[in-house]
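Student: In order, the protein sequence lines correspond to chains A and B.
Quick note: the first sequence, position 350, residue 350 per the numbering used here, numbers continuous.
Quick note: the second sequence, position 198, residue 198 per the numbering used here, numbers continuous.
These are calculated hints, taken from the structure and not from any lab test.
Predicted model only: the values in this text are computed from it and were never measured.
A virtual CB, placed ideally from N, CA and C, is assigned to each residue, including glycine.
Some hints here could point you the wrong way.
As the list claims (entries may be wrong) - Cβ-Cβ distance ranges computed for the label pairs, FRET-style:
| hint | chain 1 | residue 1 | chain 2 | residue 2 | range |
| --- | --- | --- | --- | --- | --- |
| 1 | B | D127 | A | G343 | 13 to 23 Å |
| 2 | A | E138 | B | K229 | 35 to 45 Å |
| 3 | B | R346 | A | A142 | 55 to 65 Å |
| 4 | A | G104 | B | I315 | 56 to 66 Å |
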Amino acid sequence: MLRRSTRVPGVESLATPIVRRAFLRRAGLLLAAAGAPPALFGQAGGARRGRVILDVDIGIDDAFAVLLAHFSPTIDLLGITTAFGNTTLENSTRNALYIKERFGVEAQVYRGAAEPLHHPRSEPPVFVHGEDGLGDVEGRIAPSIREADLSAPEFIARAILGDPGEVTVVTLGPATNLMLARLLEPAIVDHVRDVIVMGGAVGFAGERGNITTVAEANAWQDPHAMADLFRFPWPVTMVGLDVTYAADASMDAAFIEELRTRAGEAGAFLERINRQYRRFYRSSRGVDVTFQHDSIAVAYAIAPSLFEVERGKVKVLTDGVARGQTVFCPEGHHTFGDPEWAGLPTHRVCRGIDGPGFLDLYARALIGGGARGGGRRAE
Amino acid sequence: MLDHRLIAGWMAALTIAGGSAAGAQPPPEKIKVIVDQDARGPCSTDMQSVLMFVQSPRVEVLGITIVSGDLWMDQETLHTLRALEIAGRTDIPVYRGAVFPILNSKEETERWEMQYGRHLYKGAWNDGMPGPYERVPLPEGEPTTKPTAGHAANFIVDAVNAHPGEVVLWGAGPLTNIALALMLDPELPAKAKELVLMGGGIDRAEYRKEFNWLWDPEAARKVLRAPWKKVTITPVDISVKTRHGPELVARIGSSPNPVAQYIKEFHRTSPPDADPDWQPWIFMWDEISAAAVLDPTIITEQREMYVDVDIDHGINYGYTLAWELDQQHPPDARKAWVQFDLDLDRFYDLYADLMMRRASPD
Numbered sequence: 001m002l003r004r005s006t007r008v009p010g011v012e013s014l015a016t017p018i019v020r021r022a023f024l025r026r027a028g029l030l031l032a033a034a035g036a037p038p039a040l041f042g043q044a045g046g047a048r049r050g051r052v053i054l055d056v057d058i059g060i061d062d063a064f065a066v067l068l069a070h071f072s073p074t075i076d077l078l079g080i081t082t083a084f085g086n087t088t089l090e091n092s093t094r095n096a097l098y099i100k101e102r103f104g105v106e107a108q109v110y111r112g113a114a115e116p117l118h119h120p121r122s123e124p125p126v127f128v129h130g131e132d133g134l135g136d137v138e139g140r141i142a143p144s145i146r147e148a149d150l151s152a153p154e155f156i157a158r159a160i161l162g163d164p165g166e167v168t169v170v171t172l173g174p175a176t177n178l179m180l181a182r183l184l185e186p187a188i189v190d191h192v193r194d195v196i197v198m199g200g201a202v203g204f205a206g207e208r209g210n211i212t213t214v215a216e217a218n219a220w221q222d223p224h225a226m227a228d229l230f231r232f233p234w235p236v237t238m239v240g241l242d243v244t245y246a247a248d249a250s251m252d253a254a255f256i257e258e259l260r261t262r263a264g265e266a267g268a269f270l271e272r273i274n275r276q277y278r279r280f281y282r283s284s285r286g287v288d289v290t291f292q293h294d295s296i297a298v299a300y301a302i303a304p305s306l307f308e309v310e311r312g313k314v315k316v317l318t319d320g321v322a323r324g325q326t327v328f329c330p331e332g333h334h335t336f337g338d339p340e341w342a343g344l345p346t347h348r349v350c351r352g353i354d355g356p357g358f359l360d361l362y363a364r365a366l367i368g369g370g371a372r373g374g375g376r377r378a379e
Numbered sequence: 001m002l003d004h005r006l007i008a009g010w011m012a013a014l015t016i017a018g019g020s021a022a023g024a025q026p027p028p029e030k031i032k033v034i035v036d037q038d039a040r041g042p043c044s045t046d047m048q049s050v051l052m053f054v055q056s057p058r059v060e061v062l063g064i065t066i067v068s069g070d071l072w073m074d075q076e077t078l079h080t081l082r083a084l085e086i087a088g089r090t091d092i093p094v095y096r097g098a099v100f101p102i103l104n105s106k107e108e109t110e111r112w113e114m115q116y117g118r119h120l121y122k123g124a125w126n127d128g129m130p131g132p133y134e135r136v137p138l139p140e141g142e143p144t145t146k147p148t149a150g151h152a153a154n155f156i157v158d159a160v161n162a163h164p165g166e167v168v169l170w171g172a173g174p175l176t177n178i179a180l181a182l183m184l185d186p187e188l189p190a191k192a193k194e195l196v197l198m199g200g201g202i203d204r205a206e207y208r209k210e211f212n213w214l215w216d217p218e219a220a221r222k223v224l225r226a227p228w229k230k231v232t233i234t235p236v237d238i239s240v241k242t243r244h245g246p247e248l249v250a251r252i253g254s255s256p257n258p259v260a261q262y263i264k265e266f267h268r269t270s271p272p273d274a275d276p277d278w279q280p281w282i283f284m285w286d287e288i289s290a291a292a293v294l295d296p297t298i299i300t301e302q303r304e305m306y307v308d309v310d311i312d313h314g315i316n317y318g319y320t321l322a323w324e325l326d327q328q329h330p331p332d333a334r335k336a337w338v339q340f341d342l343d344l345d346r347f348y349d350l351y352a353d354l355m356m357r358r359a360s361p362d
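This is chain B alone, in the form it adopts within the complex (with noise of 0.2 Å):
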């Protein structure tokens, strides 16, 4: 015969045991993120950028896109995908993406040069560099994965298709890909959550010429002036604040574990004899981005403005255009949250602790 009281007291252990679980927190839902990337290798920003997402157990990457822009994109495509390797992470897809600007080209870069003098950088456009469909052997190691079938702007469609109002999508390159995405799907910016951006300049002349939107101004140009539900810009004035230097470098090589001793190995150094004000190489102009995506907390001072490019074929091509709120603006101009200063101690720890954890697909 059954104890009624013994059954009671299942009861309310069940009952205590269901409350509790019922209460407790479900874990966090983790952000979707698309990586959209000029992926130079190894290391680099863009590089280290990826991997912070990659190595982020808040972040699901439903996939990385590569773009031309600093490389060629698929000598990008086989750097990312060796990071992938490296990090333990080839079960997350990587597409190629835009070879070429969509108007933009190198005759277009040699025009300017001859009016207006040289430019400072031009990517993979830069003088000694290989052809867009050459391969050079890569120093980390080759990769043995391969990209996923499809095209960068179709996986960008498919992808904020499947999850309307849920995935953020980050680009810390050219804005070519996301600007085809745009042509091959008009209402993408309405059904994305958020759009996160490195590029562009504000305060300074040298800030505004910045290379992303110089290399595609017109992929630039559509993508700032589509509808999108919110639109956070990270430019160079917040880039500049930063430094990948020694201390920070050492730090994350004394991680054994195989991120931290990539980064030992292969992160870039600023040239000998480099203005300390101006360290182009070693400035953290997309991980900022990124922890603002992990982490927005470490934004300090952002403001919204219109951000614009300039298209028109002078000497401002591919120039950051943007005015304060209360300032006239092309009618046609949208706004941008816009990213001026970090809690930087707060931003390097985040930093170092993603590139010293051993990244698990959980």
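One chain only, chain A, in its complex shape (with noise of 0.2 Å):
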């Protein structure tokens, strides 16, 4: 079988939202009801639901995206793809599992990636997710249920080339799964709706790393599918620490309080998992709040209309020390013929978000879904 490549270049998703607000805002022409890009998918009751494969690395910010993306009226989840990265592949499987089994999640799960495309595995950062990756308050996690036969890989590519130009893919650990999946086939850089990539920092707000001082985790972990991610034309936006650190985006204690009480079963379960990820923040950041990353990169998904955007090339260093360093070159920036930022595509670049409509979206989900218990599908 042999295919051609459908996209017709310069022809951009329909899912792209107005960009360069940033520009507007400084020119001083962002007016408050102009540059609302279109949401992604269609709202509850009215289009077709949006169709996403959530790639995890579960890993306590997972689990609250993974619940988000679950009790979202306008997705339809299609599978969850685990990786190594917040935690082992092994857990990371797991943690999935339990998630289906206890909320009814109907997605499959399917098992990926064990380690980076190319640099050795290393060890997973127990201080920040605990030893099993869900801040070892759950007891055992022992579900009942198995994986997919289908690896995580193969049902990306196929998902996306069953159903061409309607799968979008949220990564939320090392781009790793995505990347195998292009080696596999690939054609589905012409068939994939949307790459919503939680991963990265340009600095816009001075966040630049949080493995090492220029790295964001995702990035550094597998730098190689990461850098690999933008060198191709599908339409990727970069979900990065310049959004997910934003202070008024971040949950406190009363925001997880208000989950516990009025989201039910997934509210009580956010908060015990919650509690390990708070002491890091508290002694790595000196904050009482979590930075819910993937969650945020979920939100991207469901509401880009909360997201300031801008357009440029990225590149990832892959090596040495500035491993997993993501560098941002805005559209029309002169690099004076570098070759290195030759012929690359533009993609873009998340670079401000309204805090309070992610939260007030994140929790209408949670207590409008969880606190009925089960899956939302059951309604």
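Join the two chains, each given in its own frame, into one complex according to the hints.
Tutor: Below, the structure is given as structure tokens:
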């Protein structure tokens, strides 16, 4: 079977939000009513829900994000693909199955990459996510269900090719599974609807790294995968530390308490796993809040209008002291013929977020769905 | 009334028959092989080695997995399907595999050439080659069969897991498919019987720059550093001792069988002004490696070494690295049996006999 590229160069995804809002704001042109990007997916009761694959390294903040996707009425969760990262692949897969079973997530879990494309395996950050990846509060995590037979990369490739132009992939861990899927089926570049990546940091707000001083964790974990991702002309949106460390998007004790008391079993579960995460941020950043990097990336899939986005090229350094550093070249910036920047496609990088809007979206999804206990599909 | 002596006679006969049946040698277990190849066609060392496995009564080919290298994967898949049709072995599944290397790229190769000079051979990246998804008519005829659904890497994982400890994984192209299989199932090395590779070179600089590993150096690094039970390597050093020359072709062409006629019609010849010591078009690179799986006694000299691939993006990117066992080596490098010499007469005999056979699934 021979395939040819079907993407017409330069034609953007329908999901493309209004960009260069930062420029407009600097120019004093950003009006409250202007520049609201169209929602990625149809609203509840309206158009077809957006078909999303969540690629996770569960992970405390991944667990928050999976439940957000699960309880969001505009998302049709096609599958959860697991990878190493915040924890081992074993833990990540088991935790995904645990959440699927406990909260009635219909989507199957697909086991993926145990290690980066190229770098050797590194120790998981147990001081962030605990030994079990979920903050060590659940006792023995022993789901009675198993993952699907299909591997994560093959599932991603099949899902995209089986429904051309409809499937959005949101990566919350290292981008290894997605880039393995591209190695299996290069045509996914032409047929994916959107790629939303939690990872990287440009430094718009001063945040440049949470592993090293220049590297965000997912970009550091598999810099080759992350670097590769930005080389291709699919519509990528980078949701990096630039927005995920926004103070007004963080979850404080009162917000978590609201979830615990009003979002049923899901809320109680999130409050428990959040304890370890809260300790980590208290000790590492001296703040009594938790930063929900992954839920913010899922929020972009649900409501891109909450974000300010800038267009440009992204490169990721793969080796040495700057491993995992993301380097951003905004559209229109002259690179004086430097071949490193020649021929790269333009992508989108989030540079601002409506923090309260994000928290409101999160609370509404969880309190709407979580409070009813099981999966909203059963409504 | 029954004659008891007669019954006793029957019993004795049955006992003898039973005894002799039990004492008979069962047919030797066939070697289960996964053939991973950048299958240039028609003919070429790639396809001739594939046909050796296909034609051998000693082998059960579980599947043929295709990877880009000498040509692009889809075109190679068509050539392979056609070769199986000619051999009458369309029962063997063919799987489409990796189109592109894991990290290496055409741009990266061009950057290398800007700094260090032209590569002699770049396979599918050679100037004038068709694009990755371009289809070129097949001189040997278009196949009517289709590849089997599923990706090569997944097939490798599934097949090795279905026959733990039994599968010889034979890779004579770039190692992208096998590296992907390793990423999908990191426990794969412990479950395979043996890994046999054509690739790399040891003793001379021009040998160390070997195409299969040059195309995808990171895949070769990953595969060579995995904990396989046994690794055997057919390097350039031994390939250059062989020739797929006119006499051999004439001998094979004397058989009317379809594979022999395919070889006679489509065998590759060396360019007329070729250096007699360097005839890459007719070196039997991959056939040696296949022969060594079918009959290891054809190899007369081999030794264990540490073998690795240079992945630094300098002049030696993709070059083979090798150390004798008593030499200092990187701690993560692993041992492999490296072949250096062979019994040429027996090798040519084995090859010619296989190409002249009429294959059957039995």
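Student: Does each hint fit the structure? Answer for all of them.
Tutor: So, going through the hints one by one against the coordinates:
At roughly 19 Å, the beta carbons of D127 (chain B) and G343 (chain A) sit within the given window of 13 to 23 Å. Separated by about 39 Å at the C-beta atoms, E138 (chain A) and K229 (chain B) satisfy the suggested range of 35 to 45 Å. Taking 55 to 65 Å as the suggested C-beta distance range, the pair R346 (chain B) and A142 (chain A) conforms, at roughly 58 Å. Under the hint 56 to 66 Å, the C-beta atoms of G104 (chain A) and I315 (chain B), about 58 Å apart, fit the expected range.
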